[in-house]
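The chain contents come next:
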Amino acid sequence: MARKGDSRRLAFLLGPTTLFLGFFFLGPLAVMVLYSFLEPGLYGGVEWNFYHWNYGRILGWADGEWEEFDLVYAKIFMRSVRLALMNVGITLLICYPAALWVRGLTARWRTLVVFMITLPFFVSLVVRLFCWVLILRPSGFLNSALLGLGLISEPIDIIFTETAVLIGMAYIFLPFMFLPIYASIEKLDHSLIEASSDLGGGPLQTFFRVTLPLTLPGILAGAVLVFIPSLGNFIVPDLLGGAKVMMIGNLVEQQFLSARNWPFGSALSVMIMLIMFVLIVLYLRRLGRSELVG
Amino acid sequence: MKRSWIKFFLSTHGILFLFFIYAPIVMVVVYSFNSHPVNMMVWKEFTFDWYWSIFGYPTQLNEQTLYVESTDQLLASVKNSLIVATSTTAFSTILGTMTALSLYRYRFRLQTFYRGLLFMPMVMPDIVLGIALLIFFVTFSIKLGLMSIIIGHCTFLISYVFVVVSARLAGMDDTLEQASADLGANPWVTFRRITLPQILPGVIGGALLAFIISMDDLVITYFIAGVDSTTLPVFIYGMLRRGVKPEINAIATLMLVFSFAIAALGLLLRRRS
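Protein chains in written order, with the working numbering: chain A, 1 to 294; chain B, 1 to 273.
These aren't lab readings, by the way, just hints derived from the structure by calculation. All C-beta atoms, glycine included, are put in the ideal place defined by N, C-alpha and C. Each hint should be verified, as a subset may be incorrect.
[Claimed, not checked] Quick list of in silico lysine to any residue cross-link-like pairs, SDA-like style, CA-CA up to 20 Å:
#	chain 1	residue 1	chain 2	residue 2
1	B	LYS44	A	SER139
2	B	LYS44	A	LEU188
3	B	LYS7	A	PRO97
4	B	LYS143	A	VAL210
5	A	LYS187	A	PRO217
6	B	LYS7	A	THR206
7	B	LYS7	A	GLN205
8	B	LYS245	B	GLY56
9	B	LYS245	B	ILE25
10	B	LYS245	A	PRO138
11	B	LYS7	A	LEU188
12	B	LYS7	A	THR106
13	A	LYS244	A	GLU162
14	B	LYS7	A	GLY202
15	A	LYS187	B	GLY171
[As the list claims (entries may be wrong)] Some residues of chain B that are not near chain A, with every Cβ distance over 12 Å (derived):
#	residue
16	GLN73
17	LEU183
18	VAL203
All chains, full assembly: derive it from the sequences and hints.
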């Protein structure tokens with residue numbers, strides 16, 4: 001530590017990043033938090049005085065002047081939390097058995113399949129969602145196929161429903177759930193499973209008493225990694241949910257790009273950020289910091 | 001036997017899982033060669049015309065091609081994307097590598113703080129970072145344009161490079177560096193001759209990751225792109241919002257090929273090291 005010039009070199013290596021992130025990452029977040037406590041101007045922009053109704057509005061409180069008590073924003077918030085949780089559930093149910101399957105493959109196949117599952121992560125989000133727009137829209141692939149097979153007599157409405165949003169979100173976030181689960185399953189000591197079955201445990205008993213508890217860290221990591229971006233997502237509900245399935249992300253986007261109520265949009269955004277912080281802190285408390293930060 | 005049933009269930013599920021991932025992608029690729037002008041889902045015959053039409057060449061389908069006039073916009077957005085991704089990659093790779101080196105090499109009090117700081121941009125929801133940057137740029141009258149997009153992308157890509165390079169550093173052999181220092185090489189020479197060659201695969205891997213994420217980023221760019229600095233994903237998103245047109249199939253296919261090529265390159269590099 002005490003070598004001469006060490007601290008100078010450290011400052012040289014770390015200085016630029018510190019300045020950059022301080023300026024363009026922490027700075028903007030601080031300004032956003034500040035904005036969420038300012039009064040929205042009548043025609044966009046802000047009045048520079050303290051105003052806490054931005055947060056009140058989320059919960060439906062009236063501001064006493066212009067608005068009546070209305071739960072519309074709280075409902076959108078709850079829907080977002082519900083859809084994000086459902087997405088965690090769906091991706092978990094899809095990825096866990098898949099990870100077990102990959103573990104059972106031969107080494108060569110395992111590498112290939114893991115690569116194949118990660119690959120779509122590198123494909124543009126717009127392209128991946130476009131695929132599902134094509135499949136789900138009224139004259140889309142699914143309806144054409146079902147009509148062609150004679151299973152339905154007229155097109156069914158899937159796009160612009162919660163189902164469509166859930167399908168799209170599951171599709172996008174699969175790798176985030178698969179990779180942490182697979183990492184924990186791969187680390188699993190196989191002799192423990194053998195021991196369990198040697199001692200007379202059936203496959204189900206072994207799974208619930210040995211495999212599942214030991215892979216819980218992976219499940220939790222996947223759940224956090226899927227929940228956080230699902231909650232604030234606005235592209236999927238925008239393309240596949242339409243106006244009917246609005247989520248917080250759409251609300252935020254609206255406040256910034258059409259309603260021009262930046263302080264309210266900031267307040268909503270701060271809420272998303274707070275939920276994220278709480279989840280991360282809970283997660284790190286539970287597992288120690290090595291798993292995620294490491 | 002019970003066990004064989006489980007095995008059967010798992011492999012069926014696994015194959016369906018891969019099908020779920022790839023079927024939609026394959027479908028788009030196949031239909032990008034379909035010449036049916038009205039209903040994209042009805043197969044007519046094989047054609048390259050949609051590809052010609054996105055680049056503005058006259059084709060038999062020209063009456064239906066609605067984007068001929070926006071070919072210029074499309075190419076401009078591709079150019080913007082490339083400029084942004086290249087600058088972002090250069091900048092975030094240098095800063096990310098320097099940060100990884102400093103946290104690996106030196107022990108100091110603020111280390112936990114820095115790890116947290118670098119971790120945050122990766123888990124911060126896109127939309128939060130996007131609007132925070134938008135407010136920041138507008139408040140401080142920084143013009144929205146390519147520069148603001150590059151700054152925006154760097155805020156989170158430094159972290160990605162940091163993670164990749166750190167992983168490489170963790171597996172590095174320290175004794176060579178010590179030997180180099182003991183033999184009288186100054187820190188810069190040691191870095192250039194010993195450290196850099198060892199961590200180079202990590203640096204290149206981090207750079208590729210940064211490049212591809214920057215090329216694909218939609219949400220953050222969406223908020224901080226100025227009027228005349230649209231990138232490719234934002235352009236396509238705008239097109240999609242206005243309705244589905246057959247040309248998007250062709251554009252999507254080209255983007256898929258591009259992404260797969262870079263991912264394959266990354267894999268090759270990792271294999272060789």
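Unsatisfied constraints (hint numbers, rising): Violated hints: 2, 4; rest satisfied.
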